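Novice: The residues making up each chain are set out below.
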Amino acid sequence: GESVGLHLPTLSVQEGDNSIINCAYSNSASDYFIWYKQESGKGPQFIIDIRSNMDKRQGQRVTVLLNKTVKHLSLQIAATQPGDSAVYFCAEIPPRTGANNLFFGTGTRLTVIP
Amino acid sequence: KAGVTQTPRYLIKTRGQQVTLSCSPISGHRSVSWYQQTPGQGLQFLFEYFSETQRNKGNFPGRFSGRQFSNSRSEMNVSTLELGDSALYLCASRINSGSDEQFFGPGTRLTVL
Chain A
1 GESVGLHLPT
11 LSVQEGDNSI
21 INCAYSNSAS
31 DYFIWYKQES
41 GKGPQFIIDI
51 RSNMDKRQGQ
61 RVTVLLNKTV
71 KHLSLQIAAT
81 QPGDSAVYFC
91 AEIPPRTGAN
101 NLFFGTGTRL
111 TVIP
Chain B
1 KAGVTQTPRY
11 LIKTRGQQVT
21 LSCSPISGHR
31 SVSWYQQTPG
41 QGLQFLFEYF
51 SETQRNKGNF
61 PGRFSGRQFS
71 NSRSEMNVST
81 LELGDSALYL
91 CASRINSGSD
101 EQFFGPGTRL
111 TVL
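Residue numbers (the numbering used here), protein chains in the order written: chain A, 1 to 114; chain B, 1 to 113.
Hints in this document: simulated from the structure, not taken from any laboratory. Here the structure is a predicted model, which is why all the values come from computation and not from measurement. Any given hint could be a false lead.
No more than 20 Å apart at the CA atoms, straight line, and that leaves these computed lysine to any residue pairs for SDA-like [claimed, not checked]:
| hint | chain 1 | residue 1 | chain 2 | residue 2 |
| --- | --- | --- | --- | --- |
| 1 | A | K42 | B | G42 |
| 2 | A | K42 | B | P106 |
| 3 | A | K42 | B | N56 |
Could you build the full structure based on these sequences and the hints that come with them?
Specialist: As structure tokens, then:
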């Protein structure tokens with residue numbers, strides 16, 4: 001079955017450094033991927049998405065890279081700030097399941113050290 | 001525009017009881033989905049409602065049910081609660097069932113004793 005996992009459960013970075021959060025997925029047919037950020041006491045917040053016909057997508061301070069060959073996603077955060085401290089989830093949408101059948105990983109907790 | 005709201009925010013129940021959680025989507029959003037979040041399993045899809053009809057369903061037992069009203073507000077119900085049902089229950093809304101971006105509410109923290 002489909003599974004989305006994360007390589008590292010926790011990540012600590014110095015303020016101002018770049019962060020890289022990784023994610024592996026198992027369904028090679030998945031065609032849509034989303035990164036979410038969840039702060040304590042809040043629901044997940046959409047950060048950035050990417051479709052399988054792209055390798056890279058950039059947002060404001062964030063970049064998502066998709067490597068379909070090894071079924072790997074990464075989220076890069078530039079100049080990490082204390083407000084970036086949160087749990088980050090990747091989610092995939094396998095084909096023919098509907099956009100709401102998101103499969104999430106357990107998350108990576110990012111801690112930014114001032 | 002107000003975000004997704006969920007009530008109550010916290011709930012404590014005992015095994016065997018039932019519980020009803022409520023979700024009000026963003027105004028104009030017609031699709032509401034429910035997720036269960038636990039430390040061990042992460043976020044898991046429960047079901048989606050659109051226009052008062054269940055459109056998709058995840059792999060949860062029949063004790064988990066839901067409904068949607070004509071104003072798009074949704075409720076989910078869990079009967080015969082088990083300890084393992086302790087979790088954060090998240091509701092997410094989007095404009096239509098085919099829209100990609102979902103907006104999550106803050107969740108209801110359910111503790112089953």
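Novice: Now, for every hint given, state plainly whether the structure supports it.
Specialist: Against the structure, the hints come out as follows:
Of the pairs offered as hints, the one joining K42/A and G42/B holds, with about 15 Å between alpha carbons and a cut-off of 20 Å not exceeded. For a cut-off of 20 Å, the pair hint linking K42/A to P106/B stands: about 4 Å separates their Cα positions. For the proposed pair K42/A and N56/B, the alpha carbon gap of about 24 Å is over 20 Å, so the pair is violated.
Checked against the numbered hints above, the structure violates only hint 3.
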